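Trainee: Here are the chains, one letter per residue:
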Amino acid sequence: MAGLTLGETPPSNSRPRRQRLSARRARRQRAFRWAAVTVLAVFFLLPLLAMLEFTTRGAGGKRSFDTWRLLVDWGRLSETYPALSAGIIDSAGQVVLTVLLTLVLLVPTVIWVRLRLPRLRRLVEFVCLLPLTIPAIVLVVGLAPVYAWVVYFLGGSSVTLTFAYTILVLPYAYRAIDAGLSAIDVRTLAEAARSLGAGWGTVMWRVILPNIRSAVMSAAFLTVALVLGEFTIASLLNRSNVQVAINFLGKSSATMSVAVSLAALVLAFVLLFLLSLVGGRRRLSLVGGRRRFSLVGRRRRFSLVGRRRRGTPKENNS
Amino acid sequence: MPTVAQRSAEPASNPAPAGRGRLSRGAVNRSIARSSSLLGVVPFFAFVTVFLAIPTLVVAIGAFAGDDGRPTLANLAALANGYIIDAFVRSILLSAVTAVIGAVLGALLAYALVTAKEGGLLRRVVTAASGVLAQFGGVTLAFAFMATIGLSGFVTVFLRDNLGIDIYSGGVWLFEMPGLVLVYTYFQVPLMVIVFLPALDGIRPQWREATESLGGSTWQYWRRVAGPLLAPAFLGSTLLLFANAFSAYATAAALVSQGNLIVPLQIRTALTSDVVLGQQNLGKAMALGMVVVVAVVMGLYALLQRRTARWLG
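So the protein sequences, as listed, match chains A and B.
Mapping of the first sequence onto the working numbering: position 124 corresponds to residue 124, and the numbering continues sequentially without gaps.
Mapping of the second sequence onto the working numbering: position 15 corresponds to residue 15, and the numbering continues sequentially without gaps.
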């Protein structure tokens with residue numbers, strides 16, 4: 001770098017000029033940076049502010065927090081808007097069950113494939129990423145007959161949407177867990193534990209799982225955020241959740257539905273910010289080099305067919 | 001690689017065989033071990049078959065089946081109807097326009113971030129916020145915009161009362177295509193920041209210095225060095241944005257309660273309204289059409305991704 005900066009022209013003449021140039025460039029870049037960030041920040045913050053303003057409108061142009069007071073008073077809320085409180089309860093059930101089902105289904109499978117069936121790894125990865133190319137609106141068309149059977153066996157409760165949601169979160173959860181497993185040496189850990197007499201259950205539950213705890217956490221966070229925001233499948237299969245309730249409420253009480261929207265949004269914000277904080281601080285330098293768990297890091301590897309180069313520090317970018 | 005991995009996986013269960021008899025028994029054991037270890041993935045594949053493979057097949061087969069279950073091409077032929085073609089054209093137009101706007105604005109913002117200090121506060125805050133906003137779609141987004149520029153929204157009222165500007169003097173466009181473009185842009189820009197930032201990070205300062213030491217200007221650097229290197233990444237990200245907008249449903253559904261502007265809304269009608277005789281499977285044909293478009297776009301994206309990885313990987 002130093003050689004390049006000096007160049008081959010006589011340094012007495014070119015060096016100050018270049019420094020001047022780069023100083024000017026830095027100034028210009030700073031001006032551009034703040035202009036771009038400010039303009040876009042206004043665009044992105046305006047709707048959020050507008051929601052707050054909209055929900056605090058009172059009679060006679062005064063601010064009033066009645067809507068918010070109603071929203072935090074559960075008893076009164078379920079009396080006034082029974083559909084909304086039912087939707088919130090349904091969403092809570094869906095969130096808990098989807099997180100459980102996703103983790104129970106995915107974590108052991110991914111570990112097992114890594115340890116015992118490495119040839120299946122590509123297939124599992126492909127299957128897990130497949131939902132990214134099938135829009136939810138398409139999936140719901142095919143799910144309708146499947147759900148006829150689900151109703152037959154398990155009943156028509158809204159909680160049964162868990163199955164469909166598990167499919168929807170598969171790509172995100174897989175990426176998170178796979179990144180976590182790539183950062184540790186699963187094979188060595190497993191062999192060490194096995195050679196000390198541990199069964200496979202012990203290996204998974206007490207050896208590998210604690211090592212990928214933060215990956216599992218981020219998979220769970222993403223699942224929560226996605227399930228809380230899901231509307232397509234619930235609405236078209238005539239089930240209820242909080243988004244369907246908001247949409248339904250929008251026709252009668254716009255203020256309340258905007259308030260719930262803002263609350264749901266803030267909740268998702270907090271969840272994903274927590275996730276990105278966990279991701280930002282934690283750098284795994286055990287085996288995987290400069291890998292990081294972050295929303296951003298995972299997102300960028302969303303190519304279905306893209307090659308994956310293992311073990312190189314640049315892998316995050318590929 | 002798999003063979004090495006395979007071999008190292010097994011010695012735990014198979015101690016080194018001493019004679020020929022032991023060897024064959026070892027082989028038998030090994031094949032038993034392999035098939036029993038296949039059992040471990042049965043739950044996963046069973047679940048995926050029921051809730052992912054079967055729905056996909058239902059769509060794919062249903063698109064070619066008539067009301068009586070016999071194979072037919074009538075559903076696909078029905079796609080050529082004027083109103084369906086219009087919906088597809090509008091869908092593609094909406095996705096393309098928002099993808100391009102989102103890509104340009106997002107790339108500018110991403111470049112602004114790259115010039116900031118790495119690990120600095122600005123960059124961390126903006127990337128984290130982008131991560132959240134890119135996921136933020138659906139009903140909540142529609143309501144956010146109704147509260148902002150709806151008929152009694154914050155901005156609408158402010159402009160009317162204070163500046164005397166009526167943004168709806170030419171008709172209410174929020175619930176039409178222009179409204180959809182504006183609302184979709186809201187989640188496309190952050191997504192672009194997320195997917196394009198890594199490519200910009202891959203640009204090395206040495207390349208700029210090399211250009212300068214060879215006497216190149218800033219324009220030449222962008223035109224001859226950075227531009228061609230970033231072009232595949234930019235195009236690829238734009239395609240991803242296109243697919244993202246094309247498959248979005250919830251925002252449009254909450255915003256446009258009447259009418260079938262775009263394909264997802266057409267599918268909604270096909271699913272929820274009384275089925276017109278002879279068109280039971282039309283929704284499946286439209287769904288298949290969507291899958292084909294998304295698959296083509298994602299295939300191109302994968303190709304471009306490979307090209308990007310060559311330099312900026």
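It should be emphasised that the hints constitute simulated quantities derived from the structure, not laboratory data.
Check each hint, because a few of them may be wrong.
If we take Cβ atoms under 10 Å as the criterion, some of the chain A residues that face chain B in the derived model are [as the list claims (entries may be wrong)]:
(1) F32
(2) L40
(3) M51
(4) L70
(5) L71
(6) W74
(7) G75
(8) L101
(9) L120
(10) V141
Predicted model only: the values in this text are computed from it and were never measured.
Glycine is no exception: its CB is placed at the ideal position from the N, C-alpha and C atoms.
Trainee: Can you name, in rising order, the numbers of the hints this structure does not satisfy?
Mentor: When the structure is compared with the hints, numbers 4, 5, 6 and 7 turn out to be violated.
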